[in-house]
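Asker: Got chain A; can you put chain U on it based on the hints?
Note that the protein sequences, when read in sequence, are chains A and U.
The numbering used here applies: residue 1 is where the first sequence begins, and numbers increase by one.
The numbering used here applies: residue 1 is where the second sequence begins, and numbers increase by one.
Quick caveat, the hints were computed from the structure, so don't treat them as lab data.
Please note that a few of the clues may not be correct.
Said to hold, decoys possible - Label-pair ranges, simulated between beta-carbon atoms: (1) U:178 x A:228: 44 to 50 angstroms; (2) A:158 x U:212: 49 to 55 angstroms; (3) A:274 x U:184: 51 to 57 angstroms; (4) A:158 x U:305: 42 to 48 angstroms; (5) U:178 x A:63: 51 to 57 angstroms; (6) U:121 x A:177: 51 to 57 angstroms; (7) U:278 x A:121: 54 to 60 angstroms; (8) U:278 x A:212: 43 to 49 angstroms; (9) A:177 x U:300: 25 to 31 angstroms; (10) U:184 x A:328: 29 to 35 angstroms; (11) U:226 x A:252: 43 to 49 angstroms; (12) U:304 x A:289: 29 to 35 angstroms; (13) A:286 x U:226: 36 to 42 angstroms; (14) U:300 x A:289: 22 to 28 angstroms.
To be verified - Some but not every residue of chain A turned toward chain U, in silico, with C-beta under 8 angstroms: (15) 16; (16) 170; (17) 251; (18) 254; (19) 257; (20) 258; (21) 262; (22) 286; (23) 300; (24) 314; (25) 319; (26) 322; (27) 325; (28) 328; (29) 332.
Stated by the list, open to error - One-sided excerpt, in silico: chain A residues whose CB lies under 10 angstroms from chain U: (30) 152; (31) 154; (32) 175; (33) 178; (34) 182; (35) 248; (36) 268; (37) 273; (38) 323; (39) 326; (40) 330.
Glycine is no exception: its CB is placed at the ideal position from the N, C-alpha and C atoms.
The chain contents come next:
There are 2 protein chains.
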Amino acid sequence: MPRAEHPLHRLFYPRSVAIIGASRNPRKFGHIQVANLLRMGYEGRIYPINPRADEISGLRCYPSVLEVPGEIDVAIVTIPAPKVPPVVEECAEKGVRFVVVISSGFREAGPEGERLQEAMLKAVEGTETRIVGPNTTGILNPEARFTTTFMPIEGPVREGPVSFVVQTGLFAGILLIHILTAEHFGIAKVAGLGNKCDLDEVEVLEYLGQDERTRVIAMYIEGVKNGRELMRVAKEVGLDKPIVVLKSGRTEAGTRAALSHTGSVVGRDEVFDAACRQCGMIRARDFEELIDLAKAFAMQPPPRGPRLGVASYSGAGCVLASDECTLQGLELA
Amino acid sequence: MPRAEHPLHRLFYPRSVAIIGASRNPRKFGHIQVANLLRMGYEGRIYPINPRADEISGLRCYPSVLEVPGEIDVAIVTIPAPKVPPVVEECAEKGVRFVVVISSGFREAGPEGERLQEAMLKAVEGTETRIVGPNTTGILNPEARFTTTFMPIEGPVREGPVSFVVQTGLFAGILLIHILTAEHFGIAKVAGLGNKCDLDEVEVLEYLGQDERTRVIAMYIEGVKNGRELMRVAKEVGLDKPIVVLKSGRTEAGTRAALSHTGSVVGRDEVFDAACRQCGMIRARDFEELIDLAKAFAMQPPPRGPRLGVASYSGAGCVLASDECTLQGLELA
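Isolated chain A (complex conformation):
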């Protein structure tokens, strides 16, 4: 009996994508998103949505998702925040499975944004439609040649074992470009969750746990809504796949910054630290360490013991590495 399709499967492997806010202006996000799908060789259907255009990049345009003839697995939304709630309502009416809201100006932007975020959530209440974001570059799945990012993707995206579950656009943005051009590991999935008004890291972590392409999971978290669930799932997924976590908002100043970035409310850092130790998540200190740890797990199996050798073209490199090994609890063979 074939395994039932995971509820998030079509977010990463959509058969059809609508781009709400598609544009003929090559500098607009809604243009780049269409161009990225074409350049990456996405094989599903692409529906640009724009009431003032007949055709964008050679694709037929529709005035709204309601006019699209077929089903829509993912709708990407890039229009200004105040216009988002009615459009999300149309998506729910159409039965769109996932609405990836790229637009910012929601909870992170103050009371009016918070009201808009609530209105957007209300629009999908009681429906099957899920919201990703808002305030995120969203999804990347090189295997499906699919992305929602508005960063121009020039070449093919290297596939590999590392998946990212993150609360910032960086990972499907500038940092992705760095990883693709300067790092030696490939990417399985990226899920940028932004404000996490609906879809959260627990669900995505659970999905990646059963995703055969994912061997290593790297997370960047500003706020956790359901810590107990996160621990339960991390404990289970972590048995098979290393989970590296960078948690920000560790201090009062960071907490204030997180509030204006993704509107996240941040818990006490000691508590998160203890939770990581209990459920086996590996904590990274900064972005570099997050990437380095993910890379290490991607490129070599965990050693069987604490003993190792050190090689360097420089004597000073050997001395410093020997020090660091000892300080990290390793032994020189």
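Answerer: Same frame as chain A, now just chain U:
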């Protein structure tokens, strides 16, 4: 009354250089050293020393320093360790001021090497001749267009405010190439001291304290011979110029590695740490931090207080930077 010339002045501003081990083979260190001086535009006299050649790179060759007609401020020695002591003796006889011994195979290599190191020291005993090294790439002074390194220097070396006093060849080697091609600060002086059988970091630190070109001092140390003197000089020099120190050999394994790198005997790390705090030296954790701190001091004046703002193209960057500021005792304005 003009200030008396510092005893180390001619090590960094030599009027004449002999290269003992100069070679016509472009892959040999003794060839590259001559080529570097020519390419950098060194304006003093260059004397290649090689008993089996008449001319190297268009320069007249001498069979030994004793045959050189003029005075020699610096002799660079790259010949195999067993041949070094008699050559150093000739240098002392000739009155060479500084012998920079690039060759390795001395104290760091075991008992026989230690014997050679002692023999070399004995050769200069009671003379004015000082030994730099052995086991180092030695000196770089872009202002004088002078270097003893065997790493090919391709272009001009950017001058700037940072001086390095180090116990590894890296700083006049691979790391130098990185600094020159990828970093935004320039270099005042580099003194690679290697095994420090004679010239040590205390004397160089004292020299750099009065060197007008040097505004920031970065040190890499494996072993300290005279801690009390180092503290005394650092306290004084540090009043005017920030001193950043990376000290390795912090652990037992690192100590063993240091013994085989520069033959240094390493003291207890807590003691060094306390000494740094007492005399105001700023301790770096690794090479990156050493370079980063030196760069920070080179490129902006110390702030007047702990308050600062954070700017980043990425929200996550602001959150992480806010956290780090707080953890480092800074305040967001």
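Asker: Evaluate each hint against the coordinates.
Answerer: Verification of the hints:
1. U:178 x A:228: 44 to 50 angstroms: Since the Cβ atoms of residue 178 (chain U) and residue 228 (chain A) sit about 47 angstroms apart, the hinted range of 44 to 50 angstroms holds.
2. A:158 x U:212: 49 to 55 angstroms: Check passed, 51 angstroms falls within 49 to 55 angstroms.
3. A:274 x U:184: 51 to 57 angstroms: Check failed, 41 angstroms falls outside 51 to 57 angstroms.
4. A:158 x U:305: 42 to 48 angstroms: 46 angstroms, holds
5. U:178 x A:63: 51 to 57 angstroms: This hint holds: roughly 56 angstroms between Cβ atoms.
6. U:121 x A:177: 51 to 57 angstroms: Holds: the Cβ-Cβ distance is about 55 angstroms, inside 51 to 57 angstroms.
7. U:278 x A:121: 54 to 60 angstroms: Between residue 278 (chain U) and residue 121 (chain A), where Cβ atoms are some 59 angstroms apart, the hint holds.
8. U:278 x A:212: 43 to 49 angstroms: 58 angstroms, violated
9. A:177 x U:300: 25 to 31 angstroms: Hint holds: Cβ distance 28 angstroms, inside 25 to 31 angstroms.
10. U:184 x A:328: 29 to 35 angstroms: 32 angstroms, holds
11. U:226 x A:252: 43 to 49 angstroms: 45 angstroms, holds
12. U:304 x A:289: 29 to 35 angstroms: With Cβ atoms ~32 angstroms apart, the hint holds.
13. A:286 x U:226: 36 to 42 angstroms: 38 angstroms, holds
14. U:300 x A:289: 22 to 28 angstroms: 26 angstroms, holds
15. 16: Violated - the Cβ of residue 16 (chain A) stays beyond 8 angstroms from chain U, reaching only about 31 angstroms at its closest.
16. 170: Interface hint status for residue 170 (chain A): holds (5 angstroms vs cutoff 8 angstroms).
17. 251: With Cβ-Cβ at 4 angstroms, under 8 angstroms, it holds.
18. 254: Hint on residue 254 (chain A): holds, closest Cβ of chain U at ~3 angstroms, below 8 angstroms.
19. 257: 4 angstroms, holds
20. 258: 5 angstroms, holds
21. 262: 7 angstroms, holds
22. 286: Because about 6 angstroms separates residue 286 (chain A) from the closest Cβ in chain U, which is inside the 8 angstroms limit, the hint holds.
23. 300: Given a least distance of 21 angstroms, the restraint on residue 300 (chain A) is violated.
24. 314: 5 angstroms, holds
25. 319: 4 angstroms, holds
26. 322: The hint holds - residue 322 (chain A) has a Cβ within 8 angstroms of chain U, the shortest such distance being about 4 angstroms.
27. 325: 6 angstroms, holds
28. 328: With a closest approach of 10 angstroms, the residue 328 (chain A) hint is violated.
29. 332: Holds, about 5 angstroms.
30. 152: The hint is violated - residue 152 (chain A) has no Cβ within 10 angstroms of chain U, the shortest such distance being about 16 angstroms.
31. 154: Status violated, d = 19 angstroms.
32. 175: 8 angstroms, holds
33. 178: This hint is violated: residue 178 (chain A) lies away from chain U, its Cβ roughly 12 angstroms from the closest one there, beyond 10 angstroms.
34. 182: Since chain U brings no Cβ nearer than about 13 angstroms to residue 182 (chain A), farther than 10 angstroms, the hint is violated.
35. 248: 4 angstroms, holds
36. 268: 13 angstroms, violated
37. 273: 13 angstroms, violated
38. 323: For residue 323 (chain A), the interface hint holds, since the closest Cβ of chain U sits about 3 angstroms away, which is under 10 angstroms.
39. 326: 4 angstroms, holds
40. 330: 9 angstroms, holds
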